[in-house]
Structure formats: structure tokens, C-alpha cells
Amino acid sequence: MPREKVKYRNLIIAFIAAAAIFSSGLFLGEKITSFKIQEVGQVQEDLKNSLASLELRYKLLEANVCEFSSFNEFGEELDELGNRIANIEAGYDKDDSRVLSLKEPYFLLEIRHYLLLKEAKEKCGSDYDLVLYFYSNDEEQCKDCDNQGYILGYLQKKIGYDKIKVYSFDVRSDSPSVQTLRDIHDIRQVPSIAVNEETYEGFLTLEEIERILEKT
Amino acid sequence: MIFQESLIFFYTGVFFTLFVGIFYLLTFFENRSRFRDPKARKIPFVSIIVPAYNEEKTLAKTVNSLLRMDYPKEKLEIIVVDDGSKDRTFEIAKSFSGRGVRAFKKENGGKGSAINLGLKKVRGEFVAVLDADSFVGKDALKSMVGYFEKKRVMAVTPTLKVYKPRGFWQKVQYIEYLFSVFFRKIFSFMQGVYVTPGPLSVYRKSFFLKHGGFDEKNITEDLEIALRIQSKNYEIQNSINAHVYTVAPNTFRGLMNQRVRWFTGLTDNLYNYRGLFSRNYGSLGVFVLPIAVISILLVLSHLAYYGVLGAINAFNSLYNIYLVNFDLGVIISEYFAGLSLFNLISPLLVLFIILIASSTFILHLAKKYSGDKEDVRFNFVMYLLTYGVIFSLWWVTTLAHKIFNWRVKW
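Respectively, the protein sequence lines represent chains B and H. Residue numbers 1 to 216, in our numbering, belong to the letters of the first sequence in order. Residue numbers 1 to 410, in our numbering, belong to the letters of the second sequence in order.
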């Protein structure tokens with residue numbers, strides 16, 4: 001045979017080296033995700049403390065709460081946190097236990113914030129709008145959720161945190177509090193929204209939601 | 001949004017690219033000592049054939065570059081074959097007759113037939129073919145002839161560069177050609193060169209006498225002859241110091257025509273020479289050709305798959321924007337609010353960085369060993385951003401030509 005011998009040795013070395021680089025790349029990526037989850041956990045913890053402090057201030061001021069209350073406190077931070085969790089969820093497996101462990105406390109924070117604002121709204125008779133949005137990330141369960149979420153996100157930005165707050169809840173959550181919230185508002189399908197305690201089932205266009213907001 | 005399962009496909013591509021890249025780098029470093037071109041003990045007589053069809057613009061410059069080469073005049077013969085041009089190609093060729101250039105004219109019959117006519121006229125033991133739109137560096141021929149001291153070597157290829165890259169298309173090709181410089185040299189170490197490019201490849205004439213001239217019906221005759229040399233178990237070498245500059249297409253359309261021709265030629269010839277995909281042909285049959293085919297298939301399938309996913313996403317984004325009545329002010333400010341380092345850093349990004357770092361390293365090696373001084377940073381960024389799509393577009397068009405039986409233009 002006049003040809004040089006085929007160097008299978010190089011092929012094996014290349015395979016091992018590629019596997020090593022590839023897996024260290026994956027490992028590094030994994031580390032980054034862990035770091036992000038940790039970071040979000042930290043932000044979550046901070047927000048929890050701030051919210052507890054806010055709750056205390058509401059309690060202490062009781063009678064004068066309407067003079068004190070600025071409705072937009074922490075609403076934006078809460079959304080920022082939600083976006084970060086959504087980002088991790090997108091690059092990761094949705095059903096991963098670590099992602100779920102981020103979402104559950106987030107929903108609880110949302111509910112606490114919501115209850116606080118609801119109480120203040122009732123006491124002060126303000127026209128601040130509170131919107132609960134029930135969705136599912138399972139595309140088979142909810143085809144319109146991506147679009148509905150986009151519209152609501154848009155509305156939140158357009159109207160601003162000093163006039164409206166949208167809270168999102170994944171109906172697949174096992175959290176008893178989320179389940180209770182669902183039951184109170186009689187949510188049987190996704191997407192659904194509850195605007196100031198009134199429930200609207202099914203997909204709503206931007207115009208429909210704006211009309212509802214005007215009415216209330 | 002790209003979901004986890006869909007990433008597995010991407011990971012396969014990344015792994016394959018890494019694997020192939022490392023394999024070729026290993027071969028590269030193993031043979032570092034073989035980069036110097038062997039010196040010819042006796043300078044051989046070389047005949048240069050310049051096939052030309054409607055090349056009045058560049059022919060004079062091409063012939064002048066040959067006359068300026070650092071090679072003994074008495075050992076050099078230049079033959080221009082005008083392949084039935086409709087312009088002044090023949091007159092220009094004849095104007096060099098005082099300086100030892102012979103010109104011939106024939107009916108138009110394709111590049112292969114023009115070279116074959118030249119082959120009948122040559123006196124040398126070695127024959128170089130140079131496209132009439134290319135210019136040679138001073139040392140080109142001198143660097144190449146030494147390889148023929150080894151009797152099994154039937155052809156030697158040079159380092160090809162894009163001549164004075166201007167505009168987007170030539171700049172992208174400049175990078176593409178630099179990568180080829182690296183791979184052609186490595187393939188030569190593995191006896192796996194499968195194309196002897198039209199811009200200055202040198203052949204041993206006895207091969208043509210024994211195994212016939214250029215295939216006149218072939219649209220990529222330079223690929224066919226290389227595969228034929230390989231199929232007869234001869235060697236093709238490469239001189240990284242032999243620089244040849246070629247005028248690359250500078251329009252989308254011109255480049256598309258060229259690539260459709262190349263790729264049609266590649267698929268046809270690889271099919272005709274499918275016997276080369278065998279252990280009998282050493283590294284060429286086991287790695288080089290299969291890796292080339294798999295790479296093309298991987299690029300195409302990745303682009304198709306992620307192209308469809310991307311299109312679905314783009315459509316959905318557009319639909320979302322429609323749902324909020326194209327209120328761009330809010331949409332744009334929201335988009336930028338969402339852009340943060342936190343959101344950008346991801347496992348995917350790490351793999352992308354690894355890939356880009358490896359290709360930058362390979363480009364660096366190609367530049368270093370071929371003595372390239374051009375600042376290519378900007379071109380490289382453009383290349384990275386667009387080449388995958390352009391490459392796939394060429395292939396899709398080529399396949400369309402195959403399926404609908406369209407005529408492939410020259």
C-alpha cells in the first residue's frame with residue numbers, strides 16, 4: 001500500500017479532547033445557571049424582607065395609611081424578579097426542581113404584595129388597578145398564553161406602576177395559596193384574568209382589556 | 001424560544017465541530033516541521049498554460065505577473081489559449097509574443113478543452129495551469145517545483161488569496177480562502193487534497209499522457225483531475241509559500257453562479273468517484289471526504305432546523321407586536337430594559353464562545369503560516385455573522401438546480 005497509514009490514534013485523542021472541552025463547556029454553563037439561580041434566590045430574599053417591612057409600616061400607620069401609601073412600591077422590582085426567573089426557565093428545563101423552587105416563593109411574594117395593595121385600595125378608595133393573570137407555560141394547555149402575557153406586559157409598561165399592577169400565576173403551581181387564589185376567582189381555564197376581583201375567561205385583546213380597565 | 005430538547009441537535013453540531021477541529025489541529029502540529037518547501041536540486045522546465053475566455057480586463061496583468069516571476073526565463077514557457085473569446089483576449093495575448101508568450105485560438109469549448117489544447121503544445125515535463133483572472137507572487141513557481149523530486153507527486157497546489165478584497169462579498173471570501181489555506185496544507189499532510197485549484201496548480205505531464213487530459217465535459221475540471229490523481233493513488237502536495245491572487249466575484253449573483261457551479265461539480269464528481277470513500281484511500285477515504293460531506297450536511301440541517309424555529313419565533317414576535325398595535329415606543333424601551341448581562345449569560349453562550357475562539361485560533365495559524373499581513377478583524381466578524389447563511393443559500397440554490405434540472409452557468 002503506497003499510502004501513509006491512517007492515524008486512528010489522532011482520531012481517538014481528538015475525540016477525547018473534544019469530549020473534555022465540550023463537557024467543561026457544559027459544566028461551566030451549568031455553573032452559570034446555578035449562579036443565576038442563587039442570585040435570583042438572593043434577590044427574592046431581599047424582596048421578601050422589604051415586603052415584610054412594608055407590611056409592618058402599613059400596620060403601624062393603620063389609620064393614616066392613605067396619606068402614606070405610594071402604590072408603586074416594589075411593584076417594578078417584583079416584575080424584574082419575574083423576568084429573571086422567566087429567563088432562567090427559558091434556558092432550562094421547565095420542570096426542573098430548581099426552577100420550580102424559584103417560582104413558588106415568587107408567587108407567594110406576589111400574593112402578599114397583592115393583598116397589601118388590595119387592602120390599601122379598599123381603605124383609600126383609590127382607582128389603582130389590580131390585575132391577576134393566570135397562565136400556563138405548557139404550550140399544549142395554553143396556546144394563547146404567550147400572546148396574552150405579552151399584551152399584559154405591554155399594558156403594565158404603558159400605563160405604569162403607579163396606576164396598575166399585573167400579577168402572573170402559573171396554574172400548574174402546586175402552591176396551596178395559588179390554588180386558593182384560583183378557587184376564589186373561579187378560574188377554570190387559561191388564559192384568564194381577574195381585574196379588580198372580576199374574572200374574565202379566555203384570551204382578551206388589548207382593546208378588550210383597555211375597555212374593562214376603563215369601566216372599573 | 002429554543003427549548004432544551006432542540007438544543008441537543010445544536011450540541012451535536014458543536015461537538016462534531018470541536019472534534020474535527022482538534023483532529024486537524026493535531027495533524028497540523030504533528031507536521032509543523034514539514035512546512036518548509038523542499039528545494040529542487042535541478043530547476044525543471046515548466047510550461048504554463050493560461051486558458052482564457054473573455055478575460056481582456058485581467059489577462060495582461062496575469063501574463064505580466066508570470067513574466068515577473070523569480071524563475072529562470074529559459075526554463076519557462078507561457079502558452080495562452082483563447083477559448084473562442086468574444087472580446088480582445090486574443091489580441092492581448094498576441095501582444096506578448098515578443099516576450100516569449102505563445103498564443104493559440106480555438107472554438108469555444110470550455111476550460112477543460114482549452115487546457116487540453118495547451119497540453120498538446122507544451123514542451124515541459126511539468127505543466128502549470130493558471131486562470132486568466134489570477135496573478136502569481138514572485139516566488140510561487142520556485143516554491144512549488146521542489147515537491148516533484150518525489151516521484152509519486154503528480155500535482156502541487158499553492159496558497160490562494162483573494163486579490164485586493166473590496167466590498168462585502170470579496171471580504172467574506174478573503175476569510176473563507178484563509179481557512180482553506182490552513183485546511184489544504186493539512187490535507188496535503190494526510191494525502192487528502194481533493195482539489196487542484198485553477199489559479200496555478202502544477203502537474204507532472206506524464207500523468208496526462210498516461211491517464212488522459214482534463215475532462216472537457218466537467219464543470220469543475222480542477223476537482224475532477226485531483227480526484228483522478230487520488231484515485232490512481234498518487235500524491236498531491238501543497239506549498240503554503242506559493243502565493244497566488246485571484247479576482248473573486250464581487251456581487252451576490254456572480255458569487256452565487258460560481259458556487260452553484262462548484263457545488264454541482266462537487267456533488268457530481270464525488271458521486272462519480274464514490275469509490276474513494278474507502279479505507280484503500282487512507283485518510284482521504286476515511287476522514288477527509290466523509291468529514292467534508294458530514295460537515296455540509298450538518299450545516300444544512302442545522303440551518304434548516306433552526307431556521308424554521310427562528311421563523312416561527314419571528315412570526316410570533318411579529319404577531320405579538322401586531323396585538324399591541326405596533327406601539328414601537330413602548331416595545332423598544334421594554335426590549336432594551338430586558339437586555340442585561342444577567343439575561344445574556346447562558347450555557348449556550350459558553351459553547352458559542354468556545355467555537356468562535358477555536359475558529360479565531362485556526363484563522364490566526366492560517367495567517368501566520370501563509371505570511372498574511374492584512375488586518376482581517378472586521379472581515380472576520382462579518383464572516384462569522386453571515387457565512388453560515390450564505391453557505392446554506394449556495395447549497396439550497398445548488399440543490400434547486402439539481403431538482404429542477406436548471407442549467408448551471410459558468
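Don't read these hints as lab results, they were simulated from the structure. On a predicted model such as this, the values are computed, not experimentally measured, just so you know. Ideal placement from N, C-alpha and C gives every residue a C-beta, glycine not left out. Please note: incorrect hints may appear among the correct ones.
As the list claims (entries may be wrong) - Here are the computed lysine-lysine pairs in the DSS-like style, where the Cα-Cα straight-line distance is at most 30 Å:
no.	chain 1	residue 1	chain 2	residue 2
1	H	K232	B	K5
2	B	K5	H	K150
3	H	K150	B	K7
4	H	K73	B	K5
5	H	K368	B	K7
6	B	K5	H	K373
7	H	K205	B	K5
Claimed, not checked - Simulated coverage check for chain H against chain B, where a stretch passes if three residues somewhere in it have a Cβ under 8 Å from a Cβ of chain B:
no.	segment
8	76-88
9	167-174
Hints, one by one, checked against the model:
1. H/K232 x B/K5: 17 Å, holds
2. B/K5 x H/K150: With Cα atoms ~18 Å apart, B/K5 and H/K150 stay inside 30 Å; holds.
3. H/K150 x B/K7: Holds - the C-alpha atoms of B/K7 and H/K150 are around 22 Å apart, at most 30 Å.
4. H/K73 x B/K5: 41 Å, violated
5. H/K368 x B/K7: 26 Å, holds
6. B/K5 x H/K373: 36 Å, violated
7. H/K205 x B/K5: The given pair, whose Cα atoms are some 28 Å apart, holds under the 30 Å limit.
8. 76-88: violated (count 0)
9. 167-174: violated (count 0)
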